[in-house]
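Asks: Protein chains in written order, with this note's numbering: chain A, 1 to 352; chain B, 1001 to 1772.
The hints are all genuine.
Cut-off 20 angstroms, straight-line C-alpha distance, at most; resulting in silico cross-link-like pairs (EDC-like, lysine to aspartate or glutamate):
id	chain 1	residue 1	chain 2	residue 2
1	A	LYS33	B	GLU1492
2	B	LYS1153	A	GLU323
3	B	LYS1145	B	ASP1164
4	A	LYS155	A	ASP95
5	B	LYS1153	A	ASP324
It is worth saying that the hints were derived from the structure and are not from the lab. Small disclaimer: the values here were computed from a predicted structure and weren't measured.
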Amino acid sequence: MQWYMNTKKLIRYVAGITLLATQAQAATSWQAKLATESLLLDMSTFDNHLVVVGERGHVLLSEDGDTFEQLSVPTVATLTAVDTVGDDIWAVGHDTTIIHSADRGQTWQQQLFLPELEKPLLDVLFFDSQHGIAIGAYGIFYRTQDGGQNWTVEKHPTLLHPDDQAYLEDIRQEDEAFYQTELDSIMPHLNRVSLHDGMLYLAGEAGLLAKSEDMGQSWQRMEIDYMGSFFDIVFDGGRLLATGLRGHLFEYVEELQSWAELDTCSLASFNSIVPLDGDNALVVGNNGYVLSINGTVMSQERANISANENCVTGQQLVLSQTEDSQAIINATLFNDKVIAVTAAGIQVLTQD
Amino acid sequence: MTNIITLCEQGIFKNRFIVVALFILATFFLGYQASQLKLDAGFEKNIPLNHEYMQNYMKHRSDFGGANNILVSVCDTSGNIYNKNFFDTLKNVHDQLFFIDGVDRSLVVSLFSASTRFTEIVEGGFSGGPVIPANFDSSNPNALKLVSENVEKAGIVGRQVSDDFSCAMVTAQLLELDPETGEPLNTLEFAAKLEDQLRGQYENDRITVHIIGFAKMIGDVANGAKDVVLFFAIAIAITAVMVYLFSKSLMLTFLPLLCSIVAVVWQLGLLTVMGFGLDPMSILVPFLVFAIGVSHGVQMINAVGKRVVGGASVLQAAKLAFTSLLIPGGIALLSDTVGFMTLLVIDIGIIRELAITASVGVAVIILTNLILLPVLMSFIKLDDKYIERFAGKEQRSDKFWNACAQCASPKTAAAILSVTVVLFVLGFIQSTEMKIGDLHAGAPALHEDSRYNQDTFLITDRYAISVDYMSVLVEATPESCTSYEVMNAIDEFQWRMVNVEGVQSAVSLASVAKQVNAGYNEGNPKWRVLPRNQQTMVQAISRVPTSSGLLNQDCSVMPVILFMEDHKAETINRVVDAVKQYRQEFESDDLKFQLASGPVGVMAATNEAVEAAQTPMLFYVFGAVILLCLLSFRSLRSTLSVVIPLYVVSILAQALMTFLEIGLTVSTLPVIALGVGIGVDYGIYILSTMSDKLKEGMPVQEAYLIALKERGSAVLFTGITLAIGVSTWVFSSLKFQMDMGILLTFMFIVNMLGAVVVLPALARMFWYKQCK
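Please take these sequences and the hints and turn them into a complete structure.
Replies: Right, dumping it as structure tokens:
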């Protein structure tokens, strides 16, 4: 009987160890045969390499754009964005996760992991191998000066709508603590940053477009007559474009100091603006919509579908849709191919 | 023993008229009963209800409907559904299906059901509505345009609308009980209604209607099974010709056929009396009964004929035939019956029914062919002409039998045994490769080119869905769908399963919740995650109705539905093994990943039950045969001589199944038991004559020659008759009947050869001292 009890204890003990082992293991991404067909959310290129990130801590590396190797990383969080500088790769995502590799993806370290915040990071941008920012939901904004060894929180109330800023200032006069809480809850999602010629551009929730001349230390909102969310802002081919919810696409008109809307004929949201060679660019979005700017028409389109038959796209814009209608989150020109990350994994968009 | 038989003989033959009258009365009564017999098919009969998986399936069936569903795909031949005619037809099909009795009306789903909604993200939140608005007017092109946009927004392309927009789907779940009568649903009637009221009414030049699901499949099987009447007629005709060639007398042809048909009538009548119907899956049993009846009848006319030729009166000959055949015939039929009864150990309703149907039929033959037949024969007259016809034949056949008897000569016996050993070893190696379950796509009972299977291929081809799916039932504590840990475990488990070869895609509450969460975040794919925040999780899940089949009322059970590439046994095994492996990683006291529901879950359980039943079934059937042989021969050597060839043949049959890619399924599992049960007859007839002589010390070859002269022609004839009877099934429109036909033909012919060729060789070895 005694022996029996001991055995039982032993079994429990062993079971406990196994449980610990699986928990420890759970932090490492699971090698999946279908990782290239999973939800993939961002990509970056460096020195003839393409790195892609997505759900469940998927990080994929390719040298040719055809075959991808899944890297083992110390997270299972959904990674939403990736950036590279030299041999360094940073990927950020849900649970306020930041992971880093200094050796082109061979080994990885976790730099930040704050699941209790319940806020995802949505984009990351490094200016050089030491300086970078990571932004995300509810206005979270992290900055590093040492390659990610330390990440410090920054708050940018200037990104708020002027009315909200005024309201918050009022509160601040009375109660500093309440101001902080209110600021955290009122801040919009920061969806995307991009850098051009020393100018930092930011796209965010509820009509937020902003720019910064000092690498994001201070921000100026860009006024626009649209209150929907923006998912990308890019300076390309001599013009500044911003795109977002329900097919909205705007071009900044320098002379008028204001944004002009372009007719895309899409009601599906656009997720990214993808500069190609020359003046050509693509705008990719949900339901497999691809908008070509300056005539680069993508095949794989089912038909030249527009949401409204009476709609005519703006000049030199062509709307098409991929066959499987999966949401396209981003794309890039790599090895002379337009490689896209979609809700169903890697897809190659071929030019006609 | 001899006394009892003599008593029987006296009792029966003294009251010949009474016996015949009793048989006529019984035949009238059971004939009436047989005319009341109904075809009867049910879903649950086909599944092993006590299997662990099926227990789980039954436990949650009320929440998730289960595996008994019907898919109706309405297709437009023009290749595009967005036109007035199509939508009018689709609406009619939806309404018609809704009103067919037996359909669970709360679970009829199509574009026209209120639960088919779309949501879209607009600035500041969601907007949405039914895919087909209430004021839908199919004649308005703009309304059709709107519907086409809503279909895209609703994300139902591939499920409710085919990938190429040429078809739309109406799906329904079936009730187990008919709501009108409270009786179990009459599946065949239901299937006929589907055919008449849906396909019959709406299929035309512009519209095609494709219906799949268990009920439709079994209906098509029943229709195919009706060909059996034709096969039955052909089999009777061929058998009649054969018997005439054998007996050279019209009367002697007529009587065994008559008695065998009486046996079939009795069997069918008794089924009604016992409250059974005839299942399409076991519709071949009356055939078997007829064939077995004829084969025993032939032994009887053979015995009578031989004695009449030998100079006895017909009455004397009939009495003698009765007394000499009652024991071997009775033993043979008893072993058939026992062989069939062993199928009762298999816990699948339909196999049990087959066991009962078949054993009743064979038991009845004891009465009709061992008692009624000799009594009827005692009334007929055989003139001198009849005797003359056989005079020359005896001499001719003696040469043949002498040649056959060489099988018992030392050299030939050694050669035969060596060949047998080689065949056995090769067969054994091949038989270990035998596959369990269905090896081909589509419904295995039907041919690949049948309408049903063509419809299945069309639907799996044009839609992203598959009829081959299995649900893993995730059992947790109530309200656990609001727990991030539980939902994350489900999500991770699902992702592991999607990566298993053979799994096409999967869906669960967790995967849907992720999509809804992205929806709440302006449709941004970067938010396609499970929220850690409980309120946010509740918000996401509240948009998923229980009618989705992804959760029950208190979300304590949430299935992970795995869509599979096919339902081949190896695919099922791989997926089931993966479930068993991966669930260990995620299970806890409060979280269980239970196998299994859905059509493939049922197949998994059936495959496991069939595989588990195979060895015990063979064990029992051989046990019974060995016991009966020991009892009747009281000799171990005789018993082994009969059983060894049988065993070799059953192994060869398994090898043949491997070779012909016939899997071991509910319909092929009984074949070996049937084959062994019937195959033993040959050996018993031959050895019953032989063993007496051997006991007297007669050399083996001589004893065998005597047995051949006495019974040889009847044995050869029996084997050929049985084989012809079942070989007509090869032309059946049902795949499983074809498979059964091939296998039974093989077993009957080869068992006969085993008895005529291998048995004497074995006897030669066992009684090696008794040589010349």
